[in-house]
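Participant: Residue strings, one per chain:
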Amino acid sequence: MAHYSFFHLVATALGLGPRSGPAFGRAVPRARYDVAIVGGGGHGLATAYYLAREHGVSDVVVIEKGWLGGGNTGRNTTIVRADYLLPGNLEFFGHALSMWPDLSRELNFNVMFSPRGYLDLAHSDGQLDHFVRRANMLNLKGIQARVVDPQTLRELEPALDVGSKPPVPVLGGLVQDGAGTARHDAVAWGYARGAHGLGVDIVQNCEVTGLRLEHGRIAGVETSHGMIKADKVVVSVAGHSSRLAAMAGIDLPIETYAVQAFVSEPLKPVLKRVTNMNIGFAYASQTDKGEIVMGGNLEPLASYAQRGSVVRLGETASRLVHIMPFLSRVRLMRAWGGIADVTADGSAIVGPTPVGGLYLNAGWGYSGFKATPAAGWCMAHTVATGEVHPLIRPLGLERFTTGALLDEGGAGPYTWLH
Amino acid sequence: MLIISCPWCGERDESEFSYGGPARPLPPLDADAAAWRRALYTRDNPKGWHEELWFHGFGCRQWIVVSRHTVSQEIADSRPPETPP
Amino acid sequence: MTAAGHSRRLAKGGMIDRSRPLAFAFNGRTLSGYEGDTLASALMANGVDVVARSLKYHRPRGIMTDGPEEPNAVVTVGEGSSRTPNLKATEVILHDGLVTRSQNCWPSVNHDVGAVAGLAAPLLGAGFYYKTFMAPRGAWPGLYERLIRRAAGLGRAPEGHDPDLYEHRHFHCDVLIVGAGPAGLAAARVLAQAGLRLLLCDERSRPGGSLTGTMQRIDGEPASAWARQTAADIAASPRALVLLETCAVWLGDHQLVALVERRPGESGVAERLWLVRPRHVVLATGAIERPLCFPGNDRPGIMLASATAAYIHRYGVAPGKRAVIHTNNDSGYGALQHLRQAEIDVRAIIDTRPRELIDEAALRVVRDVDLLPGHRIVSTAGRHRLSRIRVGPADGSRQARVIDADLLCVAGGWSPTRHLLGHRGGTVRRDESKHASSAAAPGDDVAITGVAAWVTGLAACLADGARVAGAVLKALGRKVPAPRMPVPDDETGTLSGEPNGPSCPTLDARQQRKAFVDLQNDVTAHDVMRALDEGYGAIEHLKRYTTSGMGTDQGKLGNVMAIDMVAEATGMPVEKIGHTTFRPPYTPVTLGALVGHARGERLFPTRETPFHHRHLARGALMELAGPWHYPKCYPRDGESVDAAIEREVRTVRSAVGFVDMSTLGKFEVVGPDSGIFLERAYANRLSTLAEGRCRYALMLREDGVVRDDGTVARMAKDRWHVTASTAHADDVWRHLERLRQVEWPELDVLLVDVGEQRAGLAIAGPRARDVLAAVLPDFDVSPEALPFLGCREIGFDGGRARVFRISYSGELGFEVYVGARHADRLWDAVSEAGTPFGIAPYGVEALDVMRIEKGHCAGSEFDGRTTAAELGLGRMIKRDVPFLGHALACQHSIRQRLVGLVSADRRTPIPRGAILVAGMARSRALGHVTAAVVSPTLGHPIALAMLQGSVSPGDGELRAVSPVAGLDVAVEIGDLPFYDADGARMRA
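Chains as they are written, first to last, in our numbering: chain A, 1 to 418; chain B, 1001 to 1085; chain C, 2001 to 2988.
Computed list of lysine to any residue pairs in SDA-like fashion (alpha-carbon distance at most 20 angstroms, straight line):
hint: 1; chain 1: A; residue 1: K289; chain 2: C; residue 2: L2123
hint: 2; chain 1: A; residue 1: K165; chain 2: A; residue 2: H123
hint: 3; chain 1: C; residue 1: K2576; chain 2: C; residue 2: G2537
hint: 4; chain 1: A; residue 1: K268; chain 2: C; residue 2: H2161
hint: 5; chain 1: A; residue 1: K229; chain 2: A; residue 2: A384
hint: 6; chain 1: C; residue 1: K2878; chain 2: C; residue 2: I2894
hint: 7; chain 1: C; residue 1: K2717; chain 2: C; residue 2: R2695
hint: 8; chain 1: B; residue 1: K1047; chain 2: A; residue 2: Q306
hint: 9; chain 1: A; residue 1: K268; chain 2: C; residue 2: E2159
hint: 10; chain 1: C; residue 1: K2878; chain 2: B; residue 2: A1033
hint: 11; chain 1: A; residue 1: K165; chain 2: C; residue 2: G2619
hint: 12; chain 1: A; residue 1: K65; chain 2: C; residue 2: K2576
hint: 13; chain 1: C; residue 1: K2514; chain 2: A; residue 2: T12
It should be emphasised that the hints constitute simulated quantities derived from the structure, not laboratory data.
The task is simple: from the sequences and hints, build the whole structure.
Facilitator: Following this line, the structure appears as structure tokens:
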């Protein structure tokens, strides 16, 4: 596999040296593997990559129903941040954030991680107090965050209308300077290329139709390309986790919802940080191409339909226009939807399942993208060693039996409110 | 946004309603903790027809049960909660 | 009259009003056009060739189309806060004083320094940024990204607040017809005659669609005149509405169709969003002509053949002087007659097909023009405009020859416009059969007609429109009439089916680099080939890796070429390659239009209590709490906010104050089983409550966590008054109704939400009884008649008032609720009666201070994670009667507990949002401060906090730290409540 570099680019441009060659193969699956990973999104591919690189487990197949990164990896709004409150999530996402700056060089694939900063706006004294608490917790855990006043906000983001204008004033904000965005597709491609280079088979357009269990343990997966035997199976299929788990007789505390995102036409740089407002929920960031990427609440009804509604888009846009008046004349170019699996406490489920050899990586809601490297890292460790990685211990499925829930939003067991 | 047919008011815009999750009875109040956990922490989450509750808050203020397809969003039926499908 | 400088304006023709010249500016030059021009046609008339520069290589680009598919001519319109970037010149309607500017170029569009990027093109191919800029660490964001961001982006964002107004309109109808071309008009004509409620919309400013760009006649008159008359007839029928300049942009679930109407005519409204719920949708959306991929296919002067005809007929503009037609199908020959009419010299027709595949009818119109069958374009030349074309036989059998031309009409076949169907998740194939009348999803009713359904020929389109109209009438149970069909006189020049030659011939590597697939994003054939080579062959991968189809034209032209190239390179059939999903909106939509009126103070609906104007009259500082406008405090002249809060607290503690309680949820619970109902719904014992008594009550979620608190009062045996906290009022109401209707329908109980109907004031302080006695002179307010936690209903102001002796402040307190229309009377009575005692109204801040002094829980303690036991309310939970939340409430381990804190030195304020740590163990959080104030009553700082159960004296000194504020305060755990621990004051 060609090593990517500036010299490689020059050489290919001049017709010298090796061509880039396929970034990831198009394997036909073999009959058995040590590990089968269901789901060729960022999480599944990262798991495969770290299994091969960190643990020498390269007899691995990644099985993808459609095209790599075609699920939430390719549909999310690419935000990378670590501003969680509760112990468990706090440490996990803190570690996840710390993995991003080196990812491009590690993968020899530029995932364009851009630590441009994340800005969360407070609109009431109560929210401001809560932000102070959150930032304090992060600081005590060694994760950078600060709380700024309106004057500083004006300096940080001149395009924001920071004032006391009714009905929603901006009273301050939480800033995480090392947070930002990355290029979502590149994360999938980079991990795929890395895993492929380490001997992992990647199979696209192959649908898993069943999980084979023998004596209460996983024995393999049935696919549209036939049976693939494996001692260990990792299910990493955001949105469709319930259906896969049901194939092994496991009921999950998960329901699936559509989340809508949309982009404007490209503009010259106007917004530096990922900016979030907290009346309802709405956020925006500007891509390197200049588009403003925007999103809001999930559509609050169970849905596998990868689309949102124009009315809800308008509601989200109205909040953003309130804070970023320039957006009013900017034009919406494209809207799309992804489906997110949301758990009964709003936090992810990562780790082993009651079925021996079957591992689950699910329930990320709309937090999955930023978790990609760490989720892959921890899952690979767990699968390879048989020991649950300490960072994902609080995220186990068993917490819904023990009661040690991680309810960041305090919304309770009502998934559509998370 | 959907058009939901309220059994009391007729066809109304989704914005008049709020979603209330899957329509399935809660365990008896004296059921044990395990039964409650099962009820709260296992979900069918079907990709297909889904029986769910909606509250017609900006209308008749009645809870209704709606059969909706979670992919096509088609609504096949809506009825008062005590009525069997 | 002829305006000066209109070098390309034809002497006559076009649907412009030559009596109404309009002045506009382009890049600082003042130019003129006519009423009826678009910016594109006016620029073309003025001989402007280079309108814009491309995104990556800054290549000069002109005008290629006459519609929303335009990839090249993208400009900025307006200035300052009225600036709109990235508008397609083809969709900007010219008006007097329009100010327009090219984008993405410096110093000017004709001399753009950025064009040096073209020299580096071999380095900047598909995905180049994935392969480099990785080292050293931090260089990507620090250097490279900054450079790329500056280079990328098209126009500059507007500045400040948008001066334009937007509005929404909801509309219900029997049929929505999208597109007022021949098929749409034919359908609408029938449906309007049948009296259906009908909405016909078209994105253009004139009805007729393709009819406005032809020389055909219908019923003996010019087709465009027929279209105008037919549209007028439809608009005249009483139940039909015709909207021009109105584009259907989004087909949503349950057939919610969003239309954007530009310039609706009402003063001040720039755009109007229509949200239409039709029972039937008819898509008569026509087709978009495809371009062809060949080296140098991006120069100004290269246009779609159909656009050439459109400029001649719609705007009276000759797009060039010496033309060549390049086609792969018969419809391209239709351009000949238009060019001839405009007296444009046609130098050649280059057809990629061999002669035997060309239709005889097409060959007949060629006459004396040089026909080059089986040929293709090898290259084009011309710096700011096409000047020469090199053309050679496809098989390379002969030398290429050079043709001088300044206009190249490209005809690559047609793509039916079916984007709206894709919005609903319907898969869109390129070759769906004729008469496609398909549902986008079950339950929807969407029919496609005319060219959009691959019906070709004018007579056939008119007939198909009428046929679809008949099907709609039939579905609606109406009689289907047999209307007289309009008769076109001539079929020449209508579309003739599928292209029967490839849009992307095989090119060598050098040619590939100059053959553009996506013109706006500068994606070349070479980029597509490289992406395929590197494994990005899935069509979505190709799009994402190359960015093909991701420009503001949304790939309306480019996607087809990309798919054809993949087919050509891989040998896969086009149907198997698939198509990237058509995402909404169909064409870019102003966010302001989607927002509508929901801006400024109308961002969302807010609520006022019945005392609102009394608050304002008393000088309240109002703030928004959730949706409620509520007093923060009532500062007096020259008084600071802090001083006002402190004074209000002191007033209550030492004399008497009153506060608006109307935002609480208020429910009436009535019926024989009301006691059982409440007993099941709340965690504490309620059924034993005596009539005329009330109780603090706690409600749990199913999972045992606290949902809300409130007061439950038994007014009579079967009648209860229940309150819920302001923040949870709606949730609690929904929840209680759910329990009644869904879970326990067997209980005979009725709930009524009286939140809007009742206004409430709390009167609190040592003199509260005196005030109440004066307000209600006929009512016995003595402790014997109305003991602590007693309640009564009495007459007031001709209505009924309910009086509750409860206290949130910790002082002797009464809450009085009256009908909302008696609110002013109640306020005035309390205010007046209290004056001798020094009464003052108090706001939410004083309320909060006093509840902290009393250790009452509020929103920051009820955070959706805490249990009753953790909040010190465990003793309220009943053990013997099951209630909702009971099973799991008993299961929770106590992970934290509510405590009171005082600063160790009794001076330093305890920071808000602080974390509790012990000694030097800073990373181990032992809890957090939920609320902190300096108590005016106690004279020192106090706080409420959630402390994790396991803190032992050996852990070291307890500290409240706030690293973000740089604060670190030693604290001690104090006894709760801080104030009046035995409750003597409120029981007084």
